Amino acid sequence: MGSEYKEETLPDLLPLYYKRLFPYDPFCKWLSYGKSSYLDFREFSFTLLGDVYIRFQSFNNLEELMHEIQKRCPVKIDIGAVYSCRPKDRRGVNEFVPLEKEIVFDIDMTDYDDVRICCSGADVCSKCWKFMIIACKILDSALREDFGYHNLLWVFSGRRGIHCWVCDESARKLDDMCRSAIAEYLQLVKGGANQSKKVYLPGDKLHYSIQRALDVIEPYFVQMIIEEQDMLGTDERLKNFLMILDDDIRRHFEEVMSQAKTSENRWKIFNEELTCLSQKQKLSKTQRHVKEEIMLQYAYPRLDINVTKGLNHLLKAPFCVHPKSGKISIPFSAKAVDRFDPHMVPTVSLLVDEINIYDAKTKEQESQLDDKNLEEGIVSIKSIKDYKKTSLLKPMSNFEEFLRGLEKSRKKSEDKSLDF
Amino acid sequence: MALYFKPPRGIISYPALQNCVEERLKFFKTLSQTPDITSYGIEYLYEDSALDRAGHFTLRLAAVKDSRFLPLFIDYETRLLKLRLNSYKNGNSLLAFLKNQLRHAKECLSEGLCSDKIIGLFNAVINIFAKMLSKSYRSHVFNETHISDDKCKIFMLNVPFQYCTTLVTKRKVNLKNGYVQITCEKWLDLMLAIFYTYMKIAVNEMHYSKNVQVALADERIKSIIALVCADDYVKVTSSVILLSHIDSESKFFPLCMQNLHNVLKKKHRLAHEERFNLSLFLKDIGVSLDDSIIYWKSEYSKEHSECAQCLHKWEVNEKRYVYSIRHMYGLEGGRRNYKTRSCSYFQ
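As given, the protein sequences belong to chains A and B, one line each in that order.
If you count by my numbering, then the first sequence holds residues 1 to 420, one letter each, in order.
If you count by my numbering, then the second sequence holds residues 1 to 347, one letter each, in order.
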C-alpha cells in the first residue's frame, strides 16, 4: 500500500499536500452553493502544529482560502456555520449570529467499544467496519425517505469513523429546535458505556423507521455480532447481554443460556426461549420487543447527538489529513459503502509519492519527445489537476458526483415555485 | 382554545395586570398538582379574553428574562390548551375558535411585521386550519362517532416536520419526505405540536426586539415578573454538601448520578459527557468549587483501573480540568450559571 506513513514526516508532507493536492476548486464550489458571496460568511477554524487553535477564519474567495491554508499548513481544518457577517470582521458588529449550516452526523468507532472485541480504541478492521456500513445505510435511507433530503455527503473521518453532511438548502436553514428533533428521531441508543440497557421500544407497534433499521441490521446480525464479535462467547459478555433483560426474566434466561458454551448456541437458545415465553403469553407489555431492543443496542448507529444539534458546531472538513493515521478524509459513496475499505484509504505519504513518480515520468517522457509533440504534451499535462494523477481520483469523482447533485437540486428549486 | 397569535390591545391598570399574572401562575401550580380544572380566578382564564391574553403575554416577558422559566411556561400553556381542547362538548365551539385563530393569523400576516419564520408558520397554520374547517373534514373528524384509532386514514394532513417537531421526536407519526402524516384522530396532537413550535419561535425572537428590552426595563413590569422568580419553579439550593460527605450523600442521589459516582470511584475515569453531567449535578446540590476540584483531582490522579494506556491524567491536563469546572460555576468564559440537565433530558 505504498510507503508507510510516519507522523514525524507530517510537517514536511503537509506543505506539499496543500500546494498540489488539496482540491481547492471543488471544495470552494461546494461551499459557495452557487452563490457569489456565500463563502465569505462561513467560519473556518484551523488547528496548527503545536496544538494552536484559531477560530473565526473567513475568506472572500478561493485565492484567499488557498493562500492562507498554504501559508499556515493547518493540521486540521474545521467547517463552522455561515454567519450574519464575515467572521473575521465580527468585532464591533452589533449582531454576529450563526444563520445556516449543513446538518452533520459524526459516528465514531470508539462509541462501539463495548460491543466489539476485534479492536478497541483507535483501531479499526474489516470486521468492526461493518458497524459503519450499517450506520451509513440506516441513516442514508432515513434522511432520504423520511426527511426528503438528497444532497448527502458521506466522508471517512480519517481514522475510525464517518461523517455525513446534509447539504440540502432547506436543511442548512434549520434552527436548533429542528436539528434536535432530527437528531432525537434518529437516536435510539442512549446512554454511555455505564448504562446496561440503552434501547427502549415502548408501544405495541414499532415505528416503521425502526422496522426499516432492523431490516438493515438483520442480515448482518448473526454473522457479525454473534459470530465475529462473539457477543455471547464469554461469561462476562453473556452477563452484559443478560443485563439488558428485565429482572423478572433474567434469571430464567441465565439458567438456560449458560447451559450452552458458544455464542451461536446461546443465541439459538435465547431465541427459542423467547418464542416459547411469548407464545405462553408470559412476556409483559414492555417486554414485547426485547429481541429488537437487543439487536438495536448492538448494531444501530451510535450518534454523538451534540454534533448534530448545534447550528454552530464545527466539524472537520473533508480532504483533511489525519495526523495520526496520515489518511485523507475522503468522500465515499453511500451506495457502495459495502465495498469501502478503511485500510485502502490513501495516506498523504502515498499521494506525495504518487505525485513524485508522476512528475518523474513526465520529465522522462518530455525529454524523449520531439519539439512539436512537446508543445502538445505540455498543454495536455497542464490541464489535468494533480489530484487526478493520484489515488485521490476515485474519491474526487465521488465528490464531483455529489456536486452535480447539488447543481441539479439548485436548478430544480429555481424552476419550481415553492408552495406548501 | 387560544394560540395567542395576537397580543391584547388597549390599556390595563397595573393591579389588573398583576392579577392576570398571579391568577395564571396559581392556576399553573394547581395544574401541576391535579389535572382537573379548578374555579381559580376563572375570569382571568376565560379563553382568549383580553385578560387571558394579558396574562399570557406578560409571562412571555418573564420567559425572556429567565430562560429557566421558558420550558415550564411552554409546558403549562400547552397543558392549558389541551385542557381547553378536550373540554369542548361539541364540535361547534372548537370550529368557532379555529375560525378565530385563522383570522388572527391572517391579520398578523397582513400587518407585515412578522419574521420569515413566523410567516412560514402562519402560512402553514392557515393551510391546515382551512382544511380542518372544510365541510368534509369536519363532518368526519369532529363527529362524535368518529373512532379514535390509528386505522382511520381517510383524511390525512401532510405537515412539514419543522412545524411539529414534538411529534417527530416522539415517533408518534409517520414521516415521509419531510412531511409528517397526520391521521384524523391526531388532530389534537397536531394542534399542541404547532403551538409548541410557535411558542419557541416567538419567544426566541423576543430576545432581539427593542420593544421587549424597553418593556423589561420598565419598573412596573419588573415587579410583576418578579412574581415568577419568587415562585419555587426552580429551587435554588442554599444547602452545602461537604467533600467528605459526598460518599454518604450519594445514597440519596438519583440513580443515574449515583451510578456515575460509583463508576468514577471504581474506574477513576468518566467519559466527557458523563463527567460534565456529574460535575453539574454536584454543583447544584451544593458542592463548592474548591471541593469539586479536589473530588475530581483525587480520582483523576489515580490510574485508570481498566485501561493502562489512558492519557487522561490530572497531572497532564490539570489546567483544562480546572478551567472546565470553573466554567460550570460561572467563573470563566460565558460566565453563566449552568444548571444540571433535567430528568427528561436523560430519558
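Check the hints yourself; a few may be wrong.
Stated by the list, open to error - Over the 12 Å line for every Cβ pair with chain B, so calculated as not near, a few chain A residues:
hint: 1; residue: Phe56
hint: 2; residue: Arg144
hint: 3; residue: Gly233
hint: 4; residue: Asp248
hint: 5; residue: Lys268
hint: 6; residue: Lys389
Said to hold, decoys possible - Straight line, CA to CA, 30 Å or less: simulated DSS-like cross-link-like pairs of lysine-lysine:
hint: 7; chain 1: A; residue 1: Lys309; chain 2: B; residue 2: Lys210
hint: 8; chain 1: B; residue 1: Lys302; chain 2: A; residue 2: Lys190
hint: 9; chain 1: A; residue 1: Lys29; chain 2: A; residue 2: Lys88
hint: 10; chain 1: A; residue 1: Lys88; chain 2: B; residue 2: Lys117
hint: 11; chain 1: A; residue 1: Lys324; chain 2: A; residue 2: Lys130
hint: 12; chain 1: B; residue 1: Lys267; chain 2: A; residue 2: Lys173
hint: 13; chain 1: A; residue 1: Lys324; chain 2: A; residue 2: Lys363
hint: 14; chain 1: B; residue 1: Lys319; chain 2: A; residue 2: Lys76
hint: 15; chain 1: A; residue 1: Lys127; chain 2: B; residue 2: Lys200
hint: 16; chain 1: A; residue 1: Lys71; chain 2: A; residue 2: Lys19
hint: 17; chain 1: B; residue 1: Lys117; chain 2: A; residue 2: Lys412
hint: 18; chain 1: A; residue 1: Lys408; chain 2: B; residue 2: Lys176
hint: 19; chain 1: A; residue 1: Lys309; chain 2: B; residue 2: Lys170
hint: 20; chain 1: A; residue 1: Lys71; chain 2: A; residue 2: Lys190
hint: 21; chain 1: B; residue 1: Lys266; chain 2: B; residue 2: Lys302
hint: 22; chain 1: B; residue 1: Lys200; chain 2: A; residue 2: Lys173
hint: 23; chain 1: A; residue 1: Lys291; chain 2: B; residue 2: Lys172
hint: 24; chain 1: A; residue 1: Lys173; chain 2: B; residue 2: Lys186
hint: 25; chain 1: A; residue 1: Lys127; chain 2: A; residue 2: Lys268
hint: 26; chain 1: B; residue 1: Lys302; chain 2: B; residue 2: Lys170
hint: 27; chain 1: A; residue 1: Lys205; chain 2: A; residue 2: Lys173
hint: 28; chain 1: B; residue 1: Lys265; chain 2: B; residue 2: Lys297
hint: 29; chain 1: A; residue 1: Lys239; chain 2: B; residue 2: Lys266
hint: 30; chain 1: A; residue 1: Lys130; chain 2: B; residue 2: Lys222
hint: 31; chain 1: B; residue 1: Lys267; chain 2: B; residue 2: Lys6
hint: 32; chain 1: A; residue 1: Lys291; chain 2: B; residue 2: Lys170
hint: 33; chain 1: B; residue 1: Lys200; chain 2: B; residue 2: Lys339
hint: 34; chain 1: A; residue 1: Lys309; chain 2: B; residue 2: Lys65
hint: 35; chain 1: A; residue 1: Lys309; chain 2: B; residue 2: Lys186
hint: 36; chain 1: A; residue 1: Lys76; chain 2: A; residue 2: Lys291
hint: 37; chain 1: A; residue 1: Lys198; chain 2: A; residue 2: Lys309
hint: 38; chain 1: B; residue 1: Lys6; chain 2: A; residue 2: Lys198
hint: 39; chain 1: A; residue 1: Lys389; chain 2: A; residue 2: Lys71
hint: 40; chain 1: A; residue 1: Lys190; chain 2: B; residue 2: Lys6
Source of the hints: derived by calculation from the structure; they are not laboratory data.
Note that the structure is predicted; figures quoted are calculated from it, not measured.
Backbone N, C-alpha and C fix where the C-beta goes; we use that ideal spot for every residue, glycine too.
Going down the list of hints, with the structure as the test:
no.: 1; hint: Phe56; result: 16 Å, holds
no.: 2; hint: Arg144; result: 9 Å, violated
no.: 3; hint: Gly233; result: 20 Å, holds
no.: 4; hint: Asp248; result: 19 Å, holds
no.: 5; hint: Lys268; result: 31 Å, holds
no.: 6; hint: Lys389; result: 39 Å, holds
no.: 7; hint: A:Lys309 x B:Lys210; result: 28 Å, holds
no.: 8; hint: B:Lys302 x A:Lys190; result: 29 Å, holds
no.: 9; hint: A:Lys29 x A:Lys88; result: 21 Å, holds
no.: 10; hint: A:Lys88 x B:Lys117; result: 28 Å, holds
no.: 11; hint: A:Lys324 x A:Lys130; result: 22 Å, holds
no.: 12; hint: B:Lys267 x A:Lys173; result: 43 Å, violated
no.: 13; hint: A:Lys324 x A:Lys363; result: 33 Å, violated
no.: 14; hint: B:Lys319 x A:Lys76; result: 23 Å, holds
no.: 15; hint: A:Lys127 x B:Lys200; result: 45 Å, violated
no.: 16; hint: A:Lys71 x A:Lys19; result: 10 Å, holds
no.: 17; hint: B:Lys117 x A:Lys412; result: 23 Å, holds
no.: 18; hint: A:Lys408 x B:Lys176; result: 21 Å, holds
no.: 19; hint: A:Lys309 x B:Lys170; result: 16 Å, holds
no.: 20; hint: A:Lys71 x A:Lys190; result: 43 Å, violated
no.: 21; hint: B:Lys266 x B:Lys302; result: 11 Å, holds
no.: 22; hint: B:Lys200 x A:Lys173; result: 16 Å, holds
no.: 23; hint: A:Lys291 x B:Lys172; result: 21 Å, holds
no.: 24; hint: A:Lys173 x B:Lys186; result: 28 Å, holds
no.: 25; hint: A:Lys127 x A:Lys268; result: 22 Å, holds
no.: 26; hint: B:Lys302 x B:Lys170; result: 42 Å, violated
no.: 27; hint: A:Lys205 x A:Lys173; result: 33 Å, violated
no.: 28; hint: B:Lys265 x B:Lys297; result: 12 Å, holds
no.: 29; hint: A:Lys239 x B:Lys266; result: 19 Å, holds
no.: 30; hint: A:Lys130 x B:Lys222; result: 58 Å, violated
no.: 31; hint: B:Lys267 x B:Lys6; result: 56 Å, violated
no.: 32; hint: A:Lys291 x B:Lys170; result: 21 Å, holds
no.: 33; hint: B:Lys200 x B:Lys339; result: 20 Å, holds
no.: 34; hint: A:Lys309 x B:Lys65; result: 24 Å, holds
no.: 35; hint: A:Lys309 x B:Lys186; result: 27 Å, holds
no.: 36; hint: A:Lys76 x A:Lys291; result: 42 Å, violated
no.: 37; hint: A:Lys198 x A:Lys309; result: 20 Å, holds
no.: 38; hint: B:Lys6 x A:Lys198; result: 44 Å, violated
no.: 39; hint: A:Lys389 x A:Lys71; result: 24 Å, holds
no.: 40; hint: A:Lys190 x B:Lys6; result: 40 Å, violated
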